[in-house]
Amino acid sequence: MSDHKTMTLTLIVWRQKNASDAGKFETYTAKNITEHHSFLEMLDCVNEDLIHTGKDPIVFDHDCREGICGMCSQVINGAPHGGQDRTTVCQLHMRKFKDGDTIYIEPWRARAFPIVRDLIVDRSALDKITQAGGYTSCHTGGVADGNAILIPKPIADEAMDAAECVGCGACVAGCPNGAAMLYTGAKVSQLALLPQGKAEAAQRVTNMTNAMAECGFGNCTNHYECMAACPKGINVKFIARMNREFIKALF
Amino acid sequence: MQLTSSSIGRKILMAVTGQAMVLFAVVHLLGNSSIFGWLNGGINAYAEHLHSLPLPIIIGFRLALLAMVCVHIWFGIQLTIENRGGRPQQYAVKSTQKATFASENMIWTGVLLGCFLVYHLTHFTFQIIDPQTAALKNLVPLHDAMVPNVLGMVVTGFKNFFVSLIYVGAMVALFLHLSHGIQSFFQTMGWSCDKSQPLLVKFGTLVALGLFLGYVTIPLTIFAGILKG
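Line order of the protein sequences matches chains D and S. Each residue of the first sequence is one higher than the one before, counting from 1 in our numbering. Each residue of the second sequence is one higher than the one before, counting from 252 in our numbering.
Think of the hints as simulated: they come from the structure by calculation, not from any bench. A quick note: this is a predicted structure, and the numbers were derived from the prediction, not measured. Honestly, I wouldn't trust all of these hints.
Unchecked claim - Distance condition first, Cα-Cα at most 30 Å in a straight line; then the derived DSSO-like pairs of lysine-lysine: (1) D:Lys248 x S:Lys453; (2) D:Lys232 x S:Lys410; (3) S:Lys349 x D:Lys96; (4) S:Lys446 x D:Lys98; (5) D:Lys198 x D:Lys153; (6) D:Lys232 x S:Lys479; (7) S:Lys349 x D:Lys24; (8) D:Lys31 x D:Lys128; (9) S:Lys446 x S:Lys345; (10) D:Lys5 x D:Lys96; (11) S:Lys446 x D:Lys248; (12) D:Lys96 x S:Lys345; (13) D:Lys55 x D:Lys31; (14) S:Lys388 x D:Lys232; (15) D:Lys248 x D:Lys232; (16) S:Lys349 x D:Lys98; (17) D:Lys153 x S:Lys446; (18) D:Lys198 x S:Lys446; (19) D:Lys55 x D:Lys153; (20) D:Lys248 x D:Lys153; (21) D:Lys31 x D:Lys17; (22) D:Lys17 x S:Lys345; (23) S:Lys446 x D:Lys24; (24) D:Lys232 x S:Lys349.
With the rest of the complex left out, here is chain D (with noise of 0.2 Å):
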């Protein structure tokens, strides 16, 4: 790596200790940086120096670090996971960044996702939801053939890019009200659009919006800031399609 150049940041990062904690902006230095590093082994080589002087390291939400879990959750110069299209934290890089660049990173913020501690949130409350109707109910029995219901392609694939949420939460870190629409939206409309959740489906869309609500969750005021968030791409037509839904239930 030696024959890399390296880099020095400047962050500012969210501390709080807890929920109740008021919480505040520190400022730290990124040394020996380089291109190669990814924006969490950034921070790792931050908390190694701050563990090395007796400091309290940044408390960050991280797991597989391949893109794909949805737990790096961070808000960097305003942006969820960074800005970089369909890209989590994890996947962002360094040389998206110049020497002496000034990164604020914050948590998720909404009404719904309490601050854990520094750049960790609870949510909970997307869980939640799904558990409002994000599921069919049937006896399974024992395992059907593959292809026993025929779903055309375009339906399936249409339920499939749906299906990709990995649940992070960035649309709603996103929204400026805090809504949950993205999120509840792909999941409705990955069960709405097969056979296996149209069953269900007005119960579903009902309760699922409700418990949004109780939550503690925005309402749509359709700016599509989540979907510029979304580290997977998910489209605003899966709010659109919620909506549909939503109407069908009413009558």
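We have chain D; now place chain S onto it with these hints.
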């Protein structure tokens, strides 16, 4: 009542009432354009035609419009207050990608339009702002009958710089409000998909621009002295 209590239900009420008002704005502009003389007798003949409709139709139409305005304002304020609470603490760096000035300021362009609506109704409908030029008091002959002089009232009104300024300013607010509102209607009703959604954004902005240009032409041509009473 899912329609009046749930998040999507109230969004649909906002969309439907808003879109009904857009349709009204289109018809209103078509009617106003009679001031340019394509209708025999001009805007005076158009106004006389409207007022000679059966009274239940006129009252019913006005009440329906009033109901739309009330529902739109009521849920607009309610949803905005809820949404402001959705993200109690803002980010230190604001970096919006898709949101626009128009989409972020719907409540404020809405407030401006609400104020303008009150002014516009007291000015041209109830005619109490400038009673001397009130059309209902100044009758002019038209096709062997005496009809209110709407043309005279409008022309005198727009000759005043500040009156014209208020109308043009309000139309800027209308453009901003509708440039977000029209496409938003299609999304909320679920009448959009990934291919049509970007086109609907363009279509909505074009319709809003058309309404803006159409409406401001009247005060501007009168103020510039091109259209005379």
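*Sort out whether Lys349 (chain S) lies within 30 Å of Lys232 (chain D), counting only the CA atoms.*
17 Å, holds
*asked:* Does Lys128 (chain D) sit within 30 Å of Lys31 (chain D), going by the straight-line distance between their CA atoms?
replied: 41 Å, violated
*asked:* Does Lys453 (chain S) sit within 30 Å of Lys248 (chain D), going by the straight-line distance between their CA atoms?
replied: Given that 30 Å is the threshold and the Cα spacing comes to 28 Å, the pair holds.
*Take a quick look at whether Lys446 (chain S) and Lys98 (chain D) sit within 30 Å of each other, Cα to Cα.*
Violated, at roughly 36 Å.
*Straight-line Cα separation of Lys349 (chain S) and Lys96 (chain D) no greater than 30 Å?*
21 Å, holds
*Has the given pair, Lys388 (chain S) with Lys232 (chain D), been kept, meaning a C-alpha gap of at most 30 Å?*
66 Å, violated
*Could you grab the alpha-carbon distance between Lys17 (chain D) and Lys345 (chain S) and see if it respects the 30 Å cut-off?*
24 Å, holds
*asked:* Holds or violated: Lys232 (chain D) and Lys479 (chain S), Cα atoms, limit 30 Å.
replied: Roughly 60 Å between the alpha carbons, so the hint for Lys232 (chain D) and Lys479 (chain S) is violated.
_Restraint status (C-alpha distance of Lys55 (chain D) to Lys153 (chain D) at most 30 Å)_ = 55 Å, violated
*Does Lys96 (chain D) pair with Lys345 (chain S) here, judged by a C-alpha cut-off of 30 Å?*
19 Å, holds
*Starting from Lys31 (chain D), check that the Cα of Lys17 (chain D) is at most 30 Å away, please.*
The given pair, whose Cα atoms are some 25 Å apart, holds under the 30 Å limit.
*Within a Cα-Cα threshold of 30 Å, do Lys446 (chain S) and Lys345 (chain S) meet the stated pairing?*
29 Å, holds
Comparing the model with each earlier hint shows violations of hints 2, 4, 6, 8, 14, 19, 23; every other hint is respected.
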